[in-house]
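Q: Sequence:
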Amino acid sequence: MVQKFSFAETLFSEAKFREIVRYFVADLSATQIATLSGISRNSINKYVMEIRHRIYDFCNSESPFIALGDVELDESYFDARRVRGKRGRGAYGKTIVFGLLKRGGKVYTEIVPDCKSKTLQDIVRGKVSAESVIHTDGWRGYDGLVDIGYDKHFRVNHGNNELANKQTHINGIESFWSFAKTRLVKFHGITKST
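Per my numbering, the very first residue in the sequence shown carries number 1; after that it's consecutive.
Hints in this document: simulated from the structure, not taken from any laboratory.
Just so you know, not all the hints are guaranteed correct.
[Said to hold, decoys possible] Here are the simulated BS3-like cross-link-like pairs (lysine-lysine), alpha carbons at most 27 Å apart as the crow flies:
id, residue 1, residue 2
1, K186, K46
2, K106, K118
3, K127, K116
4, K94, K181
5, K127, K106
Use the sequences and the hints to build the structure in full.
A: Take a look at the structure:
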């Protein structure tokens, strides 16, 4: 259950809090919000983090992610810098994020320790209906999805410079990764705990 925010715990008015929320929705950084609102950056950081936690709790309570229909799966590596000379799986030390995108719908992401078949299959089992049509790239971590009941699994082979094959593509989830990375650059990343 989502708890209501208590203004009794704050040192400023409801109007000031609404102003902070408006700036948050406008996608301003905590430093920008602090400058515009006249409240310390540390206080703004605390409230912005609380807003993020409330959004997370609300999303989890309102609509658990179970995908049905066309679903795109992909993994992405997040870090502050690019490792020159390393491509694909050679991104040692980076944070691996696995994502599922229901076409025309929602995205689910999860930080994973590795991209092995078992790790990815465990997430897919809990989040994707067996009747779904799954679209992935050629990564071997997706091997075995048919064996665990996902009979409609189609692949795009990026290794052969194939971006789409009829209805099979993962452009949606790859666009999401691009959006997420661009957004995180703006905020100089976020901690894993958020």
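Q: Each hint: holds or not?
A: Structure-based check of each hint:
1. K186 x K46: 19 Å, holds
2. K106 x K118: Distance of about 24 Å is within 27 Å: holds.
3. K127 x K116: With a Cα-Cα distance of about 17 Å, the restraint between K127 and K116 holds, given a limit of 27 Å.
4. K94 x K181: Holds. K94 to K181 sits at ~13 Å (cutoff 27 Å).
5. K127 x K106: 12 Å, holds
Of the hints listed earlier, there is not a single one the structure fails to meet.
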